[in-house]
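> These are the residues of each chain, in order.
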Amino acid sequence: MTTKKRILSEHIVEPPPGLWSNCLAVGPVVYIAGLTAFDIGEMKTLASDEYQQARVIFQHMRALLTAAGGTIDDIVKLTIFLTDVSKNTDVWRARQEFFTGDFPVCSLVEVKALTRPDLLVEIEGIAHIGSSAKPSAS
Amino acid sequence: MTTKKRILSEHIVEPPPGLWSNCLAVGPVVYIAGLTAFDIGEMKTLASDEYQQARVIFQHMRALLTAAGGTIDDIVKLTIFLTDVSKNTDVWRARQEFFTGDFPVCSLVEVKALTRPDLLVEIEGIAHIGSSAKPSAS
Amino acid sequence: MTTKKRILSEHIVEPPPGLWSNCLAVGPVVYIAGLTAFDIGEMKTLASDEYQQARVIFQHMRALLTAAGGTIDDIVKLTIFLTDVSKNTDVWRARQEFFTGDFPVCSLVEVKALTRPDLLVEIEGIAHIGSSAKPSAS
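Residue numbers (our numbering), protein chains in the order written: chain V, 1 to 138; chain U, 1 to 138; chain C, 1 to 138.
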């Protein structure tokens, strides 16, 4: 049996106990919560448009994957929740600054609202640590 | 190759064949459908507010995980779909009555509607059986 | 470490590099993007109602799973995003034409919009290759 391990990064504030974990690993599989640009420590939203909010989220995902012993390219699945689906290309632009190689599979939908009116983007992910490694030449 | 196994509990009614499974296990990984407080057997919704509907859902998740040989704390990922995102704290309150330790990662969004107007909450989950076990002292 | 492998099918057009993958496999686990009836090659939507759009999506899922060495019945989890939740039974009807045995667990919600106004359905999936195999008699 493989026990779950909470992945912590100094770059992202965890919520208080009894709410949720930002990131859990079970063996090589890593689950990342639906992240937003809301900073729980500062109690404020860190950016005001889709592009910048997505950048904050991907920075946090990168920090969490690094803390888990992997890289952001180990993410194989993303779900992107937007409050305005016409801004999808802004999120795509942010994503292109963080990922290389075969991009994650992705769903993208417009939801009615996120937890705060100033939040425009929420993104969750599943990663497999080591999955982005190039097969070694032989 | 590991075959999928349908997980059944006497506490939750399965839909008729040809629709969906409430819970499937593939080895230690358990997938739980987006559950609601709608009782397929009685053809009625079991509770009328977010807190009570979430309680029904978490009771069902607990029953399914028990039937799968695990516990509700083996859930590592939740997605919560609400029809009124301002009720998020009601769902959090219900969740605190069921989970201990490191809580699952979670996404939470407001959708436009669920399959019936009296349904206010739908929650899906992924669990890894045994993942909440404390590493044994040695 | 298991590296991810992009699954390609001649029956579904991949987006250009830097956007997303339609399907990635990590060992036996297969992640399928939120697929729609939009044909990226032809730049047009292939069907005009929920039933037909869902059929296109399930045809693509079947092609991708076949390319991955499995079958559509290896899908264990679906998430269905609809722009009109009252059309859920049309998607169910399409699904019944593609799946056999224990159906996948499923979430189904109404979202505010998908990426184009003529898109009515988006469906994502997770599969475990070989999971639908019948245990051999012994």
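Mixed in with the good hints there might be a few duds.
One copy or any two copies: either way a pair holds, since identical chains are not told apart in the list.
[Said to hold, decoys possible] Capping the alpha-carbon separation at 25 Å, the derived lysine-lysine pairs in DSS-like fashion look like this:
| no. | residue 1 | residue 2 |
| --- | --- | --- |
| 1 | Lys-134 | Lys-44 |
| 2 | Lys-5 | Lys-112 |
| 3 | Lys-87 | Lys-5 |
| 4 | Lys-112 | Lys-87 |
| 5 | Lys-134 | Lys-87 |
| 6 | Lys-134 | Lys-112 |
| 7 | Lys-44 | Lys-87 |
| 8 | Lys-44 | Lys-5 |
Derived by calculation from the structure, the hints in this document are not laboratory data.
> State whether the alpha carbon distance between Lys-134 and Lys-87 is at most 25 Å within one copy, between copies, both, or neither.
neither (33 Å within a copy, 44 Å between copies)
> Tell me, please, which holds for Lys-134 and Lys-112 at an alpha-carbon limit of 25 Å: within, between, both or neither?
neither (40 Å within a copy, 39 Å between copies)
> When no copy is specified for Lys-134 and Lys-44, does a C-alpha distance of 25 Å or less occur within a copy, between copies, both, or neither?
Neither: 39 Å inside a copy, 35 Å across copies.
> At most 25 Å between C-alpha atoms: does Lys-87 with Lys-5 qualify within a copy, between copies, both, or neither?
Classified as neither: same-chain Cα gap 35 Å, cross-chain 29 Å, threshold 25 Å.
> For Lys-44 and Lys-5, with the copy left unspecified, which applies at a CA distance of at most 25 Å: within, between, both, or neither?
Neither, since 28 Å and 39 Å both go past 25 Å.
> Using 25 Å as the alpha-carbon threshold, which applies to Lys-112 and Lys-87: within, between, both, or neither?
both (14 Å within a copy, 14 Å between copies)
> When no copy is specified for Lys-44 and Lys-87, does a C-alpha distance of 25 Å or less occur within a copy, between copies, both, or neither?
both (22 Å within a copy, 20 Å between copies)
> Is it within, between, both or neither when you check Lys-5 against Lys-112 at 25 Å Cα-Cα?
neither (33 Å within a copy, 34 Å between copies)
Figure legend: structure checked against the earlier numbered hints; hints not met, in rising order: 1, 2, 3, 5, 6 and 8.
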